[in-house]
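Asks: Listed below, chain by chain, are the residues.
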Amino acid sequence: MIQLTRRATFSSSHYYWNEAWTAEKNEQVFGRCANRNGHGHNYTLEVTVSGEPDPVTGFVVDLKWLKDVMEREVLSAYDHRHLNIEVPEFAKIVPTTENIAIAAWNRMEPRIAQAGRARLSRVRVYETPEIFAEYRGEA
Amino acid sequence: MKAYFCRRYMLSASHRLHTDAMTAEENRTAYGKCNHPHGHGHNYFIEVAAAGQVDSETGMVVNLADLDMAVRKIVLDRFDHANLNLDSLFATQVPTTENLCRAVFGLLQPALPAGELEWVRIEETENNFFDCSRTEV
Chain A
1 MIQLTRRATF
11 SSSHYYWNEA
21 WTAEKNEQVF
31 GRCANRNGHG
41 HNYTLEVTVS
51 GEPDPVTGFV
61 VDLKWLKDVM
71 EREVLSAYDH
81 RHLNIEVPEF
91 AKIVPTTENI
101 AIAAWNRMEP
111 RIAQAGRARL
121 SRVRVYETPE
131 IFAEYRGEA
Chain P
1 MKAYFCRRYM
11 LSASHRLHTD
21 AMTAEENRTA
31 YGKCNHPHGH
41 GHNYFIEVAA
51 AGQVDSETGM
61 VVNLADLDMA
71 VRKIVLDRFD
81 HANLNLDSLF
91 ATQVPTTENL
101 CRAVFGLLQP
111 ALPAGELEWV
121 RIEETENNFF
131 DCSRTEV
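So the sequence lines, in the order shown, correspond to chains A and P. Under the working numbering, think of the first position of the first sequence as 1, with each following residue one higher. Under the working numbering, think of the first position of the second sequence as 1, with each following residue one higher.
Some hints could be false.
[Said to hold, decoys possible] Covered, in the sense of this in silico footprint (three residues per stretch, anywhere, with C-beta under 8 Å from a C-beta of chain P), are these stretches of chain A:
1. 14-23
2. 96-107
3. 125-137
The hints are simulated quantities; they were obtained by calculation from the structure and are not laboratory data. For every residue, glycine included, the Cβ atom is placed at its ideal position computed from N, Cα and C.
Whenever a hint applies, use it, and build me the whole structure from the sequences.
Replies: This is how it looks when you write it as structure tokens:
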């Protein structure tokens with residue numbers, strides 16, 4: 001089994017806010033991330049799929065295809081957007097790095113499974129070079 | 001859902017690889033320039049990964065500010081700008097990055113503010129790094 005990873009970047013704005021809480025509690029828990037005017041990051045998305053290399057092509061998957069899946073399913077929705085306002089899955093949940101990794105997984109996993117060549121095994125999202133989260137499809 | 005939240009920190013420390021269990025000649029052979037008598041230093045990058053359920057209210061596995069505080073108190077304040085050989089952890093073991101990595105894992109594991117410590121990676125230079133994970137301590 002080989003793991004193959006493709007990287008892409010997107011730039012988005014967001015803020016952290018839980019509508020069920022008071023403003024004070026939001027500010028206390030989320031600190032500067034709770035500024036309702038938002039702030040932004042250059043995110044890096046790393047997508048890892050695992051599978052056996054095709055005996056003819058030597059590919060686990062065609063990287064161009066994986067790049068297109070990431071572009072179509074994630075980047076076209078997230079890049080240069082305000083995640084809280086413009087991306088439906090973050091209307092009710094906080095767009096933390098953890099939740100972005102899970103949401104990106106949910107967007108791509110059906111497409112990758114449908115193609116039948118490899119299994120999505122990991123989505124990692126870097127918010128900065130020093131802060132990242134990953135999701136491996138675990139409950 | 002279970003996710004992993006990871007943060008990289010840097011600390012600068014000196015060390016010397018040397019053990020009294022070997023002769024001076026054997027130390028020089030085993031450790032090469034890392035055995036030079038007055039030590040040398042590195043900028044160590046320390047990656048800390050917490051695993052756990054994403055909290056439905058906060059969207060977080062662990063609050064970054066709490067994680068930073070724990071790592072600062074337990075790891076950075078102790079080792080940053082210090083000589084590792086003089087730390088009590090290395091009284092009876094050589095301060096290789098393997099041993100440092102396992103030691104940092106052991107120090108942080110009981111102190112994580114939320115989630116479970118999944119792995120610690122220490123990069124000694126940009127060309128070498130060491131991983132210690134929960135299943136391999």
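Asks: Against each hint, give a clear statement of whether it holds in the structure.
Replies: Now for the hints, and whether the structure bears them out:
1. 14-23: holds (count 4)
2. 96-107: It holds: at least three residues are needed, and the region 96-107 of chain A offers 6 whose Cβ sits within less than 8 Å of chain P.
3. 125-137: Answer holds; 8 residues pass the 8 Å Cβ test.
Comparing the model with each earlier hint shows no violations; every hint is respected.
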